[in-house]
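J.: Put together the whole structure using the sequences plus the hints.
Protein chains: 2
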Amino acid sequence: MRNLFFLILCFLWAGIANAQQNVGFRKGNIQSPEINPDHSVTFRLQADKAKQVLVLGDWEANEGKGEMKKNKAGVWEYTTPVLPSEMYTYRFSIDGVVDLDPVNPFTKRDVGNIFSVFFVDGGYADQYQVKDVPHGDMITTWYHSNRLQADRRLSVYLPPFYGKENKSYPVFYLLHGSGGDETAWVELGNVARIMDNLIAAGKAEPMIVVMPNGNSGKQAAPGETAENHAYKPVMTNQLPGYKNGDYELAFPEIVQFIDTKYRTIPDKAHRAIAGLSMGGFHTLYTSINYPTYFDYIGLFSAGLNMTTVDQTLPAYRDLEGKLKGLKQTGYKLFWLAIGNTDFLYEANQTFRKQMEAVDFKYVYHESTRGHIWANWRQYLLLFAPQLFK
Amino acid sequence: MRNLFFLILCFLWAGIANAQQNVGFRKGNIQSPEINPDHSVTFRLQADKAKQVLVLGDWEANEGKGEMKKNKAGVWEYTTPVLPSEMYTYRFSIDGVVDLDPVNPFTKRDVGNIFSVFFVDGGYADQYQVKDVPHGDMITTWYHSNRLQADRRLSVYLPPFYGKENKSYPVFYLLHGSGGDETAWVELGNVARIMDNLIAAGKAEPMIVVMPNGNSGKQAAPGETAENHAYKPVMTNQLPGYKNGDYELAFPEIVQFIDTKYRTIPDKAHRAIAGLSMGGFHTLYTSINYPTYFDYIGLFSAGLNMTTVDQTLPAYRDLEGKLKGLKQTGYKLFWLAIGNTDFLYEANQTFRKQMEAVDFKYVYHESTRGHIWANWRQYLLLFAPQLFK
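Protein chains in written order, with my numbering: chain P, -6 to 382; chain U, -6 to 382.
In case anyone wonders, no lab produced these hints; they're calculated from the structure.
Values in this document were obtained by computation on a predicted structure and should not be read as measured data.
Some clues are possibly wrong.
No copy labels: a pair is met if it fits in one copy or bridges any two.
As the list claims (entries may be wrong) - For lysine-lysine, the following DSSO-like pairs were computed, each having C-alpha atoms within a straight-line distance of at most 30 Å: (1) K63 <-> K320; (2) K354 <-> K124; (3) K63 <-> K225; (4) K101 <-> K58.
T.: Given below as structure tokens:
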């Protein structure tokens, strides 16, 4: 009886707090999304007055599109085919207004949009979620770039036990694509979970992962600069400094900052760099302009459409000569990954021929599908275990 | 001509990348919210088929409610009265479906819901945004609690120049309320910006701010534990371990972890603790159970409704005796803040009488309004400058 009284008080209190805080709790008993035992996924939405509701997701089946039907309880519902294990994003289109699933509290921002998110277990996605293993630290910090004349923000993952052991660590620089920023690999790439899980399983060496902001005309992600909300997310080609080579040429400032601030092993054998899309482009030109810096280099769906590059700029001139330079200096791994339906597929094949023409050794990985985060997470899962061994 | 060609290629590339990445850029030219020069705010939504659209926000005027009207261009629109400077959250109700503003990329999660967010400048909100000042680091890390038998996550702010100077810092422990977690003060409290701005202005001492997770039955925020999405945000009274006193009694484990990991000044004169709502309750019982730990104590809209407390539990028994104990040990500041319409107002007045009955000195601050983040951010702005001086 005393417990019952206590419980009633608790709920009463929660109710009042609610009203005042406007936290507007998820209403009713609608569960969405529901991951079914067969790994199909059911979405539900209470929208009494809507005429048409669609699910728009990033899975392959039916191109991620599903027409929802009103069920007997007046709730719109749709069940996907069986989905492979992945992290998926989706939104609802409610009579043409595209917005979040209002009962799903888990979201991710991708460039200018917010998506609802869910995981289908039993494969890749197990690596993208939290397991009961030791966890590293996630840090946002700021370095000063003399070349870019700005304090700039970056994300840093420190491996479990960093600072507890009298030990220094190798460093992996991981670069985002156009429209991304220093939060992209953390949020959409699930870097902390992937690294925690790979390290705990003994598949990857404990390492520091550094994720800088690759938009050289900006100091940080939208909302994190002194422009605050006046700077909204856009693709990087709409920002100043795009492909002028300053970012790549300024990269040693980041390495120096990290080597000063953290317990690193500050040599080439203990440095890796990789990036997706525009970040793959940045990776190529950073590594070949500074051939003494990185022993491990990864290009994920790299933006190697060289027709958009001004090859008279110091950073971008003499690709062939610089490839030869890196070949001469030496490196342990140059890894090129691309999906077979990626719009950059042909550009990557052209670049393979350029490398082969100067007998520049590389490892090629071809996956299915296109220019998508599912591929980039999987490339990270394949690339990180090859580092520092 | 060459530049034009380059531009066309860029946009073409962005277009294709878009299609493949499904980043689904903000469509059209709708701007929402628009902060008008007079500090009224206009919201806009493209919803051709909707019958009724409301804005539901957390400003005072009209209780944050606004009925949108379709304008000549077929866009729903509503303009608020002039709003005082603050960070505001809002959602749209579109024919009864309550969801984000789809063209605003800036969001915050409060307990179980995602809100669109904006700032009105010219007052308090200037402190909650990024300025061109030196920035501290934001960290998420994990400590082990023997008493709670778990690795547990916490958020840490390190002041600018930490580690660059041969210097140690005082520590401020800042606790969230029911339904919150280690991300609440960071996201909704804008702690990093507030501390950066106060420190840069010389108003607050450089200090470390530690924001633990106060849900003793959970290791971390929803989505950050090995339960992943199976653990959805709820008010803390729906979680195991609520108000059993374990969290308060286990608190020295957090202090020890922080004093080991960071450059702290590990004594009472250089430690503060404060919390909002449930966190104010945690603050009270942590500080009086450990009277040698904190010289600065802050209760923000504290959950002092003692009828819901089992006063036979070791942490909660003998409130009067423990107040006398802290009085005897000594402290520099005991600061109590409450809004005059807060549902906990009377409970806080009762507690004032309890303190006065044992001649326990405190400073009282009464604000307008109720149990809301606007008050808690303002209390932080008032409390932090009083510390370590």
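J.: The structure should be examined with respect to each hint, and the outcome stated for every one.
T.: So, going through the hints one by one against the coordinates:
For the homomeric pair K63 and K320, neither the shortest alpha-carbon distance inside one copy (62 Å) nor that between copies (64 Å) is at most 30 Å. With identical chains, the CA atoms of K354 and K124 are never at most 30 Å apart, being 37 Å at best within one copy and 47 Å at best between copies. Proximity of K63 to K225 under the C-alpha cut-off of 30 Å is restricted to the inter-copy arrangement: shortest distance 26 Å between copies versus 36 Å within a copy. With identical chains, the CA atoms of K101 and K58 are at most 30 Å apart both within one copy (19 Å) and between copies (27 Å).
Hints 1 and 2 from the list above are not met by this structure, while the remaining hints are.
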